[in-house]
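Chains as they are written, first to last, in this note's numbering: chain A, 1 to 226; chain B, 1 to 226; chain C, 1 to 226; chain D, 1 to 226.
Some clues are possibly wrong.
For identical chains, the list gives no copy identity; a pair is met inside one copy or between any two copies.
Claimed, not checked - Derived pair list, reagent style DSBU-like, types lysine-lysine, alpha-carbon separation capped at 30 Å:
no., residue 1, residue 2
1, Lys180, Lys106
2, Lys92, Lys34
3, Lys180, Lys156
4, Lys156, Lys34
What the hints contain is simulated information worked out from the structure, not anything from laboratory work.
There are 4 protein chains.
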Amino acid sequence: MAKTPIKQRKEPKQARSKATVNAILEAAAHILVKDGYGAFNTNHVAQKAGVSIGSLYQYFPNKESLIAALSLSHVTQIRDSLSDIEFSPDMKLETFVQLVVKNHIKLHRINPKLHHILTKEVSAYGALNHQQVLSDEIQEKLYWMMKYHTETAKLKNPQLILFMIMNSVEAITHTAMSSKMEYLDSPLFEAELVRLVLGFLSEAERDPTNTEPFIPPENPVTKNSK
Amino acid sequence: MAKTPIKQRKEPKQARSKATVNAILEAAAHILVKDGYGAFNTNHVAQKAGVSIGSLYQYFPNKESLIAALSLSHVTQIRDSLSDIEFSPDMKLETFVQLVVKNHIKLHRINPKLHHILTKEVSAYGALNHQQVLSDEIQEKLYWMMKYHTETAKLKNPQLILFMIMNSVEAITHTAMSSKMEYLDSPLFEAELVRLVLGFLSEAERDPTNTEPFIPPENPVTKNSK
Amino acid sequence: MAKTPIKQRKEPKQARSKATVNAILEAAAHILVKDGYGAFNTNHVAQKAGVSIGSLYQYFPNKESLIAALSLSHVTQIRDSLSDIEFSPDMKLETFVQLVVKNHIKLHRINPKLHHILTKEVSAYGALNHQQVLSDEIQEKLYWMMKYHTETAKLKNPQLILFMIMNSVEAITHTAMSSKMEYLDSPLFEAELVRLVLGFLSEAERDPTNTEPFIPPENPVTKNSK
Amino acid sequence: MAKTPIKQRKEPKQARSKATVNAILEAAAHILVKDGYGAFNTNHVAQKAGVSIGSLYQYFPNKESLIAALSLSHVTQIRDSLSDIEFSPDMKLETFVQLVVKNHIKLHRINPKLHHILTKEVSAYGALNHQQVLSDEIQEKLYWMMKYHTETAKLKNPQLILFMIMNSVEAITHTAMSSKMEYLDSPLFEAELVRLVLGFLSEAERDPTNTEPFIPPENPVTKNSK
DNA sequence: GATGAATGAGAGTTCATTCAT
DNA sequence: CATGAATGAACTCTCATTCAT
Numbered sequence: 001m002a003k004t005p006i007k008q009r010k011e012p013k014q015a016r017s018k019a020t021v022n023a024i025l026e027a028a029a030h031i032l033v034k035d036g037y038g039a040f041n042t043n044h045v046a047q048k049a050g051v052s053i054g055s056l057y058q059y060f061p062n063k064e065s066l067i068a069a070l071s072l073s074h075v076t077q078i079r080d081s082l083s084d085i086e087f088s089p090d091m092k093l094e095t096f097v098q099l100v101v102k103n104h105i106k107l108h109r110i111n112p113k114l115h116h117i118l119t120k121e122v123s124a125y126g127a128l129n130h131q132q133v134l135s136d137e138i139q140e141k142l143y144w145m146m147k148y149h150t151e152t153a154k155l156k157n158p159q160l161i162l163f164m165i166m167n168s169v170e171a172i173t174h175t176a177m178s179s180k181m182e183y184l185d186s187p188l189f190e191a192e193l194v195r196l197v198l199g200f201l202s203e204a205e206r207d208p209t210n211t212e213p214f215i216p217p218e219n220p221v222t223k224n225s226k
Numbered sequence: 001m002a003k004t005p006i007k008q009r010k011e012p013k014q015a016r017s018k019a020t021v022n023a024i025l026e027a028a029a030h031i032l033v034k035d036g037y038g039a040f041n042t043n044h045v046a047q048k049a050g051v052s053i054g055s056l057y058q059y060f061p062n063k064e065s066l067i068a069a070l071s072l073s074h075v076t077q078i079r080d081s082l083s084d085i086e087f088s089p090d091m092k093l094e095t096f097v098q099l100v101v102k103n104h105i106k107l108h109r110i111n112p113k114l115h116h117i118l119t120k121e122v123s124a125y126g127a128l129n130h131q132q133v134l135s136d137e138i139q140e141k142l143y144w145m146m147k148y149h150t151e152t153a154k155l156k157n158p159q160l161i162l163f164m165i166m167n168s169v170e171a172i173t174h175t176a177m178s179s180k181m182e183y184l185d186s187p188l189f190e191a192e193l194v195r196l197v198l199g200f201l202s203e204a205e206r207d208p209t210n211t212e213p214f215i216p217p218e219n220p221v222t223k224n225s226k
Numbered sequence: 001m002a003k004t005p006i007k008q009r010k011e012p013k014q015a016r017s018k019a020t021v022n023a024i025l026e027a028a029a030h031i032l033v034k035d036g037y038g039a040f041n042t043n044h045v046a047q048k049a050g051v052s053i054g055s056l057y058q059y060f061p062n063k064e065s066l067i068a069a070l071s072l073s074h075v076t077q078i079r080d081s082l083s084d085i086e087f088s089p090d091m092k093l094e095t096f097v098q099l100v101v102k103n104h105i106k107l108h109r110i111n112p113k114l115h116h117i118l119t120k121e122v123s124a125y126g127a128l129n130h131q132q133v134l135s136d137e138i139q140e141k142l143y144w145m146m147k148y149h150t151e152t153a154k155l156k157n158p159q160l161i162l163f164m165i166m167n168s169v170e171a172i173t174h175t176a177m178s179s180k181m182e183y184l185d186s187p188l189f190e191a192e193l194v195r196l197v198l199g200f201l202s203e204a205e206r207d208p209t210n211t212e213p214f215i216p217p218e219n220p221v222t223k224n225s226k
Numbered sequence: 001m002a003k004t005p006i007k008q009r010k011e012p013k014q015a016r017s018k019a020t021v022n023a024i025l026e027a028a029a030h031i032l033v034k035d036g037y038g039a040f041n042t043n044h045v046a047q048k049a050g051v052s053i054g055s056l057y058q059y060f061p062n063k064e065s066l067i068a069a070l071s072l073s074h075v076t077q078i079r080d081s082l083s084d085i086e087f088s089p090d091m092k093l094e095t096f097v098q099l100v101v102k103n104h105i106k107l108h109r110i111n112p113k114l115h116h117i118l119t120k121e122v123s124a125y126g127a128l129n130h131q132q133v134l135s136d137e138i139q140e141k142l143y144w145m146m147k148y149h150t151e152t153a154k155l156k157n158p159q160l161i162l163f164m165i166m167n168s169v170e171a172i173t174h175t176a177m178s179s180k181m182e183y184l185d186s187p188l189f190e191a192e193l194v195r196l197v198l199g200f201l202s203e204a205e206r207d208p209t210n211t212e213p214f215i216p217p218e219n220p221v222t223k224n225s226k
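From just these sequences and the hints, can you work out the full model?
Structure below.
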């Protein structure tokens with residue numbers, strides 16, 4: 001199950017190598033999107049990339065690593081596309097939730113088919129669970145937000161609430177992408193998503209005895225982020 | 001993609017053959033759950049079932065049909081387990097939502113690992129999209145509820161709201177099952193899920209001009225139910 | 001290649017057995033004609049015959065014997081259909097040739113598709129070479145004819161001439177059956193076939209020194225006929 | 001029945017691969033000739049060729065294509081061997097018929113067992129019907145001959161006569177090859193074959209009203225030739 | 001480095017045949 | 001005798017991976 005090497009065999013230093021790697025990754029993404037994981041085999045990828053199968057194995061020690069690299073590249077694309085969005089701790093909670101929702105919708109527009117396959121179909125085959133990684137960042141920020149919004153901070157069960165919010169937003173956006181693309185463009189969709197989150201948060205039960213400002217005991221959220 | 005025969009090749013008539021089919025299905029489920037779809041191959045299944053490969057193909061014309069049979073059997077189990085739950089149109093909306101949520105949690109307890117693989121990993125390979133089928137039934141009932149609760153009936157965008165509720169409940173329950181099993185037993189979890197739905201519904205925008213009591217235009221919801 | 005038993009395992013003595021054997025043979029013929037030898041397998045035959053596979057093996061020890069029985073049955077049918085044709089040694093040569101040709105055309109009308117498959121496609125698989133058997137009978141009679149027509153008897157190379165005549169008549173009729181069915185009904189076709197044979201015979205070179213009245217040295221012709 | 005790809009999957013570029021393809025084809029021919037189509041399976045062929053099964057499938061997409069390639073190669077051999085024979089319209093009819101007969105005998109000497117299997121046993125499995133193709137060429141030339149030999153041109157039923165001649169020559173030669181190899185070398189055999197054809201042609205019925213010099217109505221003969 | 005020919009374990013599937021019921 | 005469940009050798013074909021050139 002757990003083969004050994006997942007990372008790339010060799011860092012391409014020359015321009016030509018970089019071009020080869022790119023061609024391979026693009027071909028891989030193309031095949032995955034067009035024909036699904038069932039048609040995804042290394043020979044096919046190499047051929048589509050216009051590269052010999054030997055060259056493919058020069059840069060990727062095995063099939064799994066190809067998927068991993070593809071995932072990484074996809075995640076990187078997403079991160080880059082989100083880099084211009086600035087969270088700041090002193091914004092209003094509503095504004096922040098709006099940003100989170102907007103983000104989620106935005107990142108689901110980036111190669112959605114590939115995103116779907118990478119997260120659902122081949123999640124076992126060496127794909128980094130980038131969905132988790134990204135959520136973690138946002139979750140972390142949501143925690144920070146809560147820290148600064150004291151009235152929110154005293155929620156009775158912040159972990160559970162976070163869990164529910166993240167999953168709702170993710171699932172709703174993801175399903176919309178898969179089967180209701182028209183929703184993604186509708187401002188109403190976005191507004192309702194925000195309303196769902198805020199409604200849930202605003203009526204959440206408080207715990208007056210809870211004065212501790214939300215440093216989670218064994219915080220799983222920060223473990224993946226710098 | 002869509003081969004022809006998905007159903008079983010032959011109905012077992014003698015007791016012996018029934019046992020064989022059962023052994024095969026059990027072995028198939030076991031392998032799927034334990035090792036995932038990657039290790040799921042017909043020879044392996046036959047061997048685990050203590051049955052010759054020929055016998056397997058006597059009852060299942062191909063690999064896909066095995067998955068399909070497994071799905072059907074799983075769905076049947078779920079339906080049977082839900083049969084005792086009675087929806088009635090004149091119950092309170094809150095009660096109804098509680099029932100929906102309880103249902104969802106309950107059905108996610110039935111062989112959750114298999115459920116996960118069947119719905120996510122191999123959904124393409126001939127598995128009935130039973131999640132959808134089940135959801136449809138519940139969605140239909142939610143529609144009926146809305147018909148009788150007039151103040152709810154005047155929601156501005158019932159389709160969208162339904163979409164969001166269904167996806168939230170499903171995703172939250174599903175993810176809890178996959179990675180937060182402890183949530184499933186917690187009454188707080190259930191309560192919060194109900195609160196999420198009710199909060200969202202109660203604050204939903206009304207459309208005063210909308211007097212039509214929710215007969216969906218081209219109702220995709222009823223197409224699967226009697 | 002040459003398995004052991006070709007004949008049937010057991011002679012059906014009771015009426016029911018006979019019916020079973022018939023059903024099997026009919027199903028076999030039907031499948032062979034409709035789908036070719038590629039689709040001809042014992043389970044399929046048994047099913048089509050409405051008989052269990054076990055019963056099939058009660059009467060036919062293996063697949064080959066089925067083909068053999070089919071061949072025999074086909075040959076028998078042909079023989080029966082030819083039984084009314086009477087050769088007599090004192091008829092004119094021309095009349096005799098006309099009879100031979102008529103015969104050949106007639107026997108090629110009996111289940112031609114089966115005939116074709118049995119003689120060409122599966123000739124190796126235990127099918128009696130009934131074509132040869134039948135030809136032999138006719139060849140023998142042609143020999144007898146020659147005995148009584150002294151001027152013909154002195155042919156220089158009767159064996160070769162016989163060979164050529166038999167093959168021409170057979171091939172022309174067989175091909176007509178396969179691809180020019182309309183020829184089989186045309187009287188011109190028959191007439192021309194007769195003319196081909198007679199023309200060839202009448203201009204054949206004589207051997208004045210040959211006074212021996214046609215007892216072939218090592219007569220391969222009589223070995224199969226009593 | 002009619003799958004898609006019959007031709008080779010990949011053209012061998014390097015010397016090594018050409019050798020592989022050759023080894024495979026030779027092994028295939030060898031097995032076919034020695035053990036018949038029943039023993040012809042891809043693993044066996046690969047093994048006999050001293051090549052891995054994977055290599056076989058690198059060059060031949062399926063079993064059928066192997067047969068097809070074998071047929072093509074056989075036909076090519078035959079064509080090459082016949083290329084030195086020149087037909088000319090102004091030769092005597094007798095000379096021409098002698099040439100046709102000589103041709104037929106000659107081409108039946110080229111790997112006769114393979115020829116037999118390819119034309120009879122596996123004709124359905126993707127083998128080009130090269131026998132037909134070749135005959136067509138000769139038939140076309142016979143037609144041309146008739147055009148220039150006016151007294152012959154006025155035959156009452158040239159199509160039928162052609163049909164009979166071609167089938168006689170083919171069948172006699174083919175059967176001689178299968179079971180009377182000694183005939184093939186005898187000059188008498190060839191002479192008698194010529195006499196059969198010429199006798200049949202010379203006594204053919206004329207049609208005085210037929211002045212049209214043999215342009216066949218729907219000429220099936222020319223359809224395969226340029 | 002790049003190429004692509006070669007490999008072979010292994011997957012899906014068929015079907016002649018046996019034998020317990 | 002009849003049934004049909006069970007068997008498993010055999011067959012076609014795929015694809016991740018290696019390695020000589």
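Outcome of the hint check:
no. : hint              : result
1   : Lys180 <-> Lys106 : both (15 Å within a copy, 28 Å between copies)
2   : Lys92 <-> Lys34   : neither (42 Å within a copy, 47 Å between copies)
3   : Lys180 <-> Lys156 : between (35 Å within a copy, 18 Å between copies)
4   : Lys156 <-> Lys34  : neither (46 Å within a copy, 37 Å between copies)
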